[in-house]
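> Chain by chain, the residues:
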Amino acid sequence: MSTIKLETSDGVKFTVKTQVAKCSGTIRTMLEDIGINPQDGEAIPLSNVHSTILQKILVWAEHHVDDPEPPREDADAAKRTDDICSWDEDFLKVDQRTLFDVMLAANYLDMKQLIAVCCKTVANMIKGKTADQIRRTFNIENDFPPGEEDKIRLRNQFCEERSR
Amino acid sequence: METKEDKLTVPELSDFPNEILALIFQHLRFPDRLRMSAVCRRWNELVFAFFGDRIMLHLSASTDCSVPIGKLSDRSYRNVQVFWTEDSSGWMDAVEDLAPKLLSLDLYIMPEERGFLAKWNPPPSLMEQFLRILANLESLGTLFINTTPTTFGAVLEAIHDLTNLATLMVEIRIDDGSFALSSFNGLCRLPKLRAVSICSYVPLCAPGKDRLVPAPFVESLTLEQYSPCFSILNFYKLFPCLTKLDVRQVEMDPEELELVVVTWPALEVLVIGLNSSLLNTTALEMLQQLPKLRKLELQTQVYCTDECIEFDFLQASFYLLETIFQIPTLEELRLVHGPVAGIWWSGQIPTDAPSCRLYINGIYVPRTNDGPSFKCDASKEGTAIMS
Numbered sequence: 001m002s003t004i005k006l007e008t009s010d011g012v013k014f015t016v017k018t019q020v021a022k023c024s025g026t027i028r029t030m031l032e033d034i035g036i037n038p039q040d041g042e043a044i045p046l047s048n049v050h051s052t053i054l055q056k057i058l059v060w061a062e063h064h065v066d067d068p069e070p071p072r073e074d075a076d077a078a079k080r081t082d083d084i085c086s087w088d089e090d091f092l093k094v095d096q097r098t099l100f101d102v103m104l105a106a107n108y109l110d111m112k113q114l115i116a117v118c119c120k121t122v123a124n125m126i127k128g129k130t131a132d133q134i135r136r137t138f139n140i141e142n143d144f145p146p147g148e149e150d151k152i153r154l155r156n157q158f159c160e161e162r163s164r
Numbered sequence: 001m002e003t004k005e006d007k008l009t010v011p012e013l014s015d016f017p018n019e020i021l022a023l024i025f026q027h028l029r030f031p032d033r034l035r036m037s038a039v040c041r042r043w044n045e046l047v048f049a050f051f052g053d054r055i056m057l058h059l060s061a062s063t064d065c066s067v068p069i070g071k072l073s074d075r076s077y078r079n080v081q082v083f084w085t086e087d088s089s090g091w092m093d094a095v096e097d098l099a100p101k102l103l104s105l106d107l108y109i110m111p112e113e114r115g116f117l118a119k120w121n122p123p124p125s126l127m128e129q130f131l132r133i134l135a136n137l138e139s140l141g142t143l144f145i146n147t148t149p150t151t152f153g154a155v156l157e158a159i160h161d162l163t164n165l166a167t168l169m170v171e172i173r174i175d176d177g178s179f180a181l182s183s184f185n186g187l188c189r190l191p192k193l194r195a196v197s198i199c200s201y202v203p204l205c206a207p208g209k210d211r212l213v214p215a216p217f218v219e220s221l222t223l224e225q226y227s228p229c230f231s232i233l234n235f236y237k238l239f240p241c242l243t244k245l246d247v248r249q250v251e252m253d254p255e256e257l258e259l260v261v262v263t264w265p266a267l268e269v270l271v272i273g274l275n276s277s278l279l280n281t282t283a284l285e286m287l288q289q290l291p292k293l294r295k296l297e298l299q300t301q302v303y304c305t306d307e308c309i310e311f312d313f314l315q316a317s318f319y320l321l322e323t324i325f326q327i328p329t330l331e332e333l334r335l336v337h338g339p340v341a342g343i344w345w346s347g348q349i350p351t352d353a354p355s356c357r358l359y360i361n362g363i364y365v366p367r368t369n370d371g372p373s374f375k376c377d378a379s380k381e382g383t384a385i386m387s
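For the record, the sequence lines run as chains A and V. If you read the first sequence in the UniProt record's numbering, its first letter stands for residue 1, the second for the next number, and so on. If you read the second sequence in the UniProt record's numbering, its first letter stands for residue 1, the second for the next number, and so on.
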């Protein structure tokens, strides 16, 4: 079983099965297109990923390494969020900061399935909440000029999605 | 495992890259997306950047004009629905700004509260602005208009240069007058127009000495005609090249159905209303003369709950299917119950045309070699009971 070494932003080196590491599009590209030779024993630097997060992501990748390619979805329709598998659900039962770190790292590592499941989780946290509740949940600053938010809310009342 | 002293910055959702936020937005339904647009300025911009072209803006007399309407054009509204009344001039200016980029426009030229019985026609000053807006809809693909015959005549003249118009839907409300079919003559100048839908509550007048000019690009016609002056031949003169015809609302007799078949032999999709005069093998056999018919939808129009007539209907439905499955090109048959309860479809489904899909009230009915019998309760919409 071939392995490669990954080095995180805080200098931790991980030895990972090549197959698992290739769950990351970024690493796959490095190995296949750029021709970084894993046999050299030199670690691939992942300067945007912290060791605690990479460790978590590797657990996910190990579990999903044999997953088939997901079917293409209709880009326009609102996508489902109730189809998160229970393993992923447990995996993402983490504090918000860890979840966001995992998302950003998954984005950097180009792991589409992990990003998708994280986005579903965040979408579920947003669903049904008012703008103010969303702001409090995610600690987002209301940067609208005074009065502007009311106008937007009012204007939103006159909008609906066009389906035809 | 060795760890260096780490100092992570706390990640915030508001700092996420646009593409991740867009992925999150994709998993939300529309009301949630709109609420997200009110969270902060960046999200507001993102929601409109990603989904703006699918948002429809409603403007009506009840629209609060304290909304800074002048800023509407900053948003990428591509679909607008307007209830256009005398007191709506405030935001009509905004619609005028939006006009060149609009993809679809729904226009109700009526005082909102009076509905489709309103005999209201806009005064000249408003009409002027309205026609100016219509002339600027250069990107528009879909136009819906509900108005009186008087106003509609002017509208049809104004849309002759909308080169991107693909779908035109008109509802002509009750007025004192009638509407001359020759007013549709200008549609021949619209090179992309493929689909026309006409719903008229006033008589559509035969052209008299005026000639009807064909619109050869129109492939699809929907007629919702409540006045008694329906004439297939006149519509043929206007739309000679149809491949799709929907006349489910039109009360036809067998002679008229035959005329449809003879007039538009290229029909591939046909939707008709089944009344008692069409519920016989002879009438429906005529459909076999359509050499390209792929999809057929039959919507029952039998307005009767009398048990005796119901029995007749059941017998007829059996033969009806046999006859229809003889159409060799047919890929899809849809049986839809009209808005009346108390009618049942039942019988043995013929199996000798296995390539044709059968749907009853929108539900796919698989057909096996055993020829499953089916019955369908019209009182419950969307039900098909297999037995």
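Possibly wrong hints are sitting among the right ones.
To be verified - Dumping the calculated SDA-like pairs for lysine to any residue here, alpha-carbon to alpha-carbon at most 20 Å:
hint	chain 1	residue 1	chain 2	residue 2
1	A	Lys112	V	Asn18
2	A	Lys129	A	Lys112
3	A	Lys79	V	Thr85
4	A	Lys79	V	Asp15
5	A	Lys127	V	Arg42
To be clear, the hints were calculated from the coordinates, so they are not data collected in a lab. All of these numbers come straight from a predicted model, not from anything done at the bench.
> Each hint: holds or not?
Verification of the hints:
no.: 1; hint: A/Lys112 <-> V/Asn18; verdict: holds, 15 Å
no.: 2; hint: A/Lys129 <-> A/Lys112; verdict: violated, 26 Å
no.: 3; hint: A/Lys79 <-> V/Thr85; verdict: violated, 38 Å
no.: 4; hint: A/Lys79 <-> V/Asp15; verdict: violated, 23 Å
no.: 5; hint: A/Lys127 <-> V/Arg42; verdict: holds, 19 Å
This entry does not satisfy hints 2, 3, 4, going by the numbered hints stated previously.
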